[in-house]
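J.: Listed below are the residues making up each chain.
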Amino acid sequence: MKEEQNPYLPPRIRRWLSRWTTLEDIERSLVDEPSGGVEAWTRTTAGVVAMLVVVQAVTGVLLAFYYVPSAESAHTTVAYIEKMVPAGSWLRAMHHYGSQWLTLFLVLHLAQMFWREGYKRRPIGWMSTVLLLGLVLAGGATGYSLPWDARAFFGTRVTEGIAGGLPLIGAASRNWLLGGLEITPITLARFFALHVLVVPALILLILTARLFVFRERGMVSDAEERRLEGWMFGQVARNAVVAGLVFLALSLWAAKFHAPLGPAADTAAPGYLPRPGAQFLWLFQLLKYLPGRLASTVAVALPTLIFIGLASLPFLNPPPLRKMMAKPRRNIGVALFVLGFALFTTMTMIAYVEDARDPRVRDQLARQSKEEEAFRIAPFSPLRTRTSESNIEDELIDTGEEPAASPTPSGSPTPNASPSPGGSPSPSTTPGRSSTSPPDSYITNCSGCHGTRGQGVFPFPRLIGVSAKPRRSVEDLVGIINNPAAYDLQPTMPGFATKISDAEKQEIAVWVAALKKR
Amino acid sequence: MPDPGRRNFLLLIPLGIFAGVAATIVGAAFRFLRPSDARSEAKWSNVAPLAQLKGEKPIMRSIIAEHQAGWASTVEEHFVYVLPSKNNQVLSSVCPHEGCNVSWRDEESEFFCPCHDSYFAADGSRTRGPSRRGLDPLPTREKDGVLQVQYQTFINNTEERIARG
Numbered sequence: 001m002k003e004e005q006n007p008y009l010p011p012r013i014r015r016w017l018s019r020w021t022t023l024e025d026i027e028r029s030l031v032d033e034p035s036g037g038v039e040a041w042t043r044t045t046a047g048v049v050a051m052l053v054v055v056q057a058v059t060g061v062l063l064a065f066y067y068v069p070s071a072e073s074a075h076t077t078v079a080y081i082e083k084m085v086p087a088g089s090w091l092r093a094m095h096h097y098g099s100q101w102l103t104l105f106l107v108l109h110l111a112q113m114f115w116r117e118g119y120k121r122r123p124i125g126w127m128s129t130v131l132l133l134g135l136v137l138a139g140g141a142t143g144y145s146l147p148w149d150a151r152a153f154f155g156t157r158v159t160e161g162i163a164g165g166l167p168l169i170g171a172a173s174r175n176w177l178l179g180g181l182e183i184t185p186i187t188l189a190r191f192f193a194l195h196v197l198v199v200p201a202l203i204l205l206i207l208t209a210r211l212f213v214f215r216e217r218g219m220v221s222d223a224e225e226r227r228l229e230g231w232m233f234g235q236v237a238r239n240a241v242v243a244g245l246v247f248l249a250l251s252l253w254a255a256k257f258h259a260p261l262g263p264a265a266d267t268a269a270p271g272y273l274p275r276p277g278a279q280f281l282w283l284f285q286l287l288k289y290l291p292g293r294l295a296s297t298v299a300v301a302l303p304t305l306i307f308i309g310l311a312s313l314p315f316l317n318p319p320p321l322r323k324m325m326a327k328p329r330r331n332i333g334v335a336l337f338v339l340g341f342a343l344f345t346t347m348t349m350i351a352y353v354e355d356a357r358d359p360r361v362r363d364q365l366a367r368q369s370k371e372e373e374a375f376r377i378a379p380f381s382p383l384r385t386r387t388s389e390s391n392i393e394d395e396l397i398d399t400g401e402e403p404a405a406s407p408t409p410s411g412s413p414t415p416n417a418s419p420s421p422g423g424s425p426s427p428s429t430t431p432g433r434s435s436t437s438p439p440d441s442y443i444t445n446c447s448g449c450h451g452t453r454g455q456g457v458f459p460f461p462r463l464i465g466v467s468a469k470p471r472r473s474v475e476d477l478v479g480i481i482n483n484p485a486a487y488d489l490q491p492t493m494p495g496f497a498t499k500i501s502d503a504e505k506q507e508i509a510v511w512v513a514a515l516k517k518r
Numbered sequence: 001m002p003d004p005g006r007r008n009f010l011l012l013i014p015l016g017i018f019a020g021v022a023a024t025i026v027g028a029a030f031r032f033l034r035p036s037d038a039r040s041e042a043k044w045s046n047v048a049p050l051a052q053l054k055g056e057k058p059i060m061r062s063i064i065a066e067h068q069a070g071w072a073s074t075v076e077e078h079f080v081y082v083l084p085s086k087n088n089q090v091l092s093s094v095c096p097h098e099g100c101n102v103s104w105r106d107e108e109s110e111f112f113c114p115c116h117d118s119y120f121a122a123d124g125s126r127t128r129g130p131s132r133r134g135l136d137p138l139p140t141r142e143k144d145g146v147l148q149v150q151y152q153t154f155i156n157n158t159e160e161r162i163a164r165g
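Chains as they are written, first to last, in this note's numbering: chain A, 1 to 518; chain B, 1 to 165.
These are calculated hints, taken from the structure and not from any lab test.
Note that the coordinates shown come from a computational prediction; the quantities given were computed from them, not determined experimentally.
The beta carbon of each residue, even a glycine, is placed where N, CA and C say it ideally should be.
Honestly, I wouldn't trust all of these hints.
Straight-line Cα separation of at most 20 Å, SDA-like style, residue types lysine to any residue; simulated pairs [unchecked claim]: (1) A:Lys499 to B:Ser109; (2) A:Lys499 to A:Tyr487; (3) A:Lys499 to B:Asp106; (4) A:Lys499 to B:Lys43; (5) A:Lys83 to B:Phe30; (6) B:Lys57 to B:Asn87; (7) A:Lys327 to A:Thr345; (8) A:Lys327 to A:Arg116; (9) A:Lys499 to B:Thr127; (10) A:Lys83 to B:Gln68; (11) A:Lys288 to A:Glu354; (12) B:Lys43 to B:Gln150; (13) A:Lys120 to A:Leu108; (14) B:Lys43 to A:Leu383; (15) B:Lys43 to A:Phe380; (16) B:Lys57 to A:Asp440; (17) A:Lys83 to B:Ala69; (18) B:Lys43 to A:Ser381; (19) A:Lys83 to B:Asp37; (20) A:Lys83 to B:Pro35; (21) A:Lys499 to B:Glu107.
Reference listing, derived: stretches of chain B covered by chain A, where coverage requires no fewer than 3 residues with Cβ under 8 Å from a Cβ of chain A [to be verified]: (22) 58 to 72; (23) 98 to 104.
Part of the chain A face toward chain B, derived, beta carbon under 10 Å [to be verified]: (24) Met127; (25) Asn445; (26) Lys499.
Extracted from the complex, chain A is given alone in its bound form:
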């Protein structure tokens, strides 16, 4: 039997693999029960789902190389990916539309599993697939917030509202999700962590379990196993063909349609009309028909019921139900599936039709997409950071000099640097004139790293206010100058024991200790 396995690998490699890996067992466990004809082609949704999950993972990891999840940077970095990075727009569109296609193909996968009564034959496999669909939707909902544009803001509002609609724990779960009472930078960080760490980890866990753990243990004869193996090769090829075609279609789609990105959230016009991603349109439309308080409850309850109902399908076979209906699992399953599918498709379609028919909505949506288009073709505008600039402002405050009071020898500021930095008077022209000016020996030995006024030059520390810290008295400062190693400094500092006279050390230490924030 061993000889007949893997005839396409050289025997030496085959023997080595079978000795040192469990690949053979895995391969055997992956063999599914055979079916033939047209049905085999309908059973290729698993391959498409697997391909789309991998595409989501890879494009997501790639986007993380540029994306920064902070309220200041999120929108700018997404715009940078979209406008500046080669292939960035395509990869982001792959990730954006890929998540919607993944939802669609998971639903199709569930439908075909349902059709073959997979919930009966492989209950755990069925439940894990239902769970996977829930996680993919959660991934979509959390990912929607990350670009931090107007669309993301309102998407977050809706997610928050749905969480708030949970019975009993509504308010608490909303606040835990937001990290407070409002949508703040904390919210963005939470959605980011959920989107890139929690949800993918759970998806990976479920997929791994689905492929390698949640399998039925069956005894098959050798002849049967060979037959299965032969069938599997055909089926792998079918899956690959369909997955390849779907990938090609998604690539072309992503090349043609950009993932949406509007101007930053704070520039949203008052009349902004938010629209969720395609996979959530049905829920969005449903909310329109439900009055206020009921809406958020139903918006949570209905999908939850559908999910729980689907997931528990394998167990819906108790005697009382069996008495009432001939085939309880099948009947309940059909009802749930029809309800879910009808809800999903009709609501999605109505959402599109309504938006197209109401002239005001249509105009507003057209305006918004025009705005998005204008933003997309506008040149990238970088994030302006002011770290060093604020250092310069501190410098003016710390020395008690007003920018206007001291002549600015460095002339007018550069066009984009405002406010105007007062140029520090050159050490060689104004040595030690006032009590706030540093000693000459400080300028010579220390200013290169700590700045002419103790403001620090990155990565070396500021000295302003340093005397407030422990072990930084005047004596300690002299000690640091003599033997910095004893003070465990980071970054390290060279010693100046022999480079500066004792009087100068004392003078420097006194001056540094006097540097205080006003």
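Based on these hints, arrange chain B on the given structure of chain A.
T.: Okay, now just chain B, sitting in the frame of chain A:
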């Protein structure tokens, strides 16, 4: 059971498709992650009015330069030395050895880097110590009576002067 020839063919299809998908993604990933070699447009920073640049000794000045990299544009403070005796040549205060800031010592009339004890003459040329080249001159121009400089940095610890972006 299919014969081995058909099996090999059936194996080729998925492998070919995987290769195609992988090549598409890897190609995009390569373009996406390739380090940018775009140099940010050099901007001119004011150093000082020409009238103030007199004497024999190098004059230390702080300049404000805007540096654009990736999605951020950062306003930074840097230190430069102006050499009035050398036709207002401007030297970066960054030591070419490992990037500390050098300081001017009046008594010895030389530049000194306190980190690893590199010494440079008053014109910026290397005299002794571990540095492998002299202090780095920066491009300058005069505009409306003000000396301006294009701030840039160079690769550390090389004999040749290689500008960074």
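J.: Going through the numbered hints above, which ones does this structure break? Give me the numbers in ascending order.
T.: 4, 7, 24
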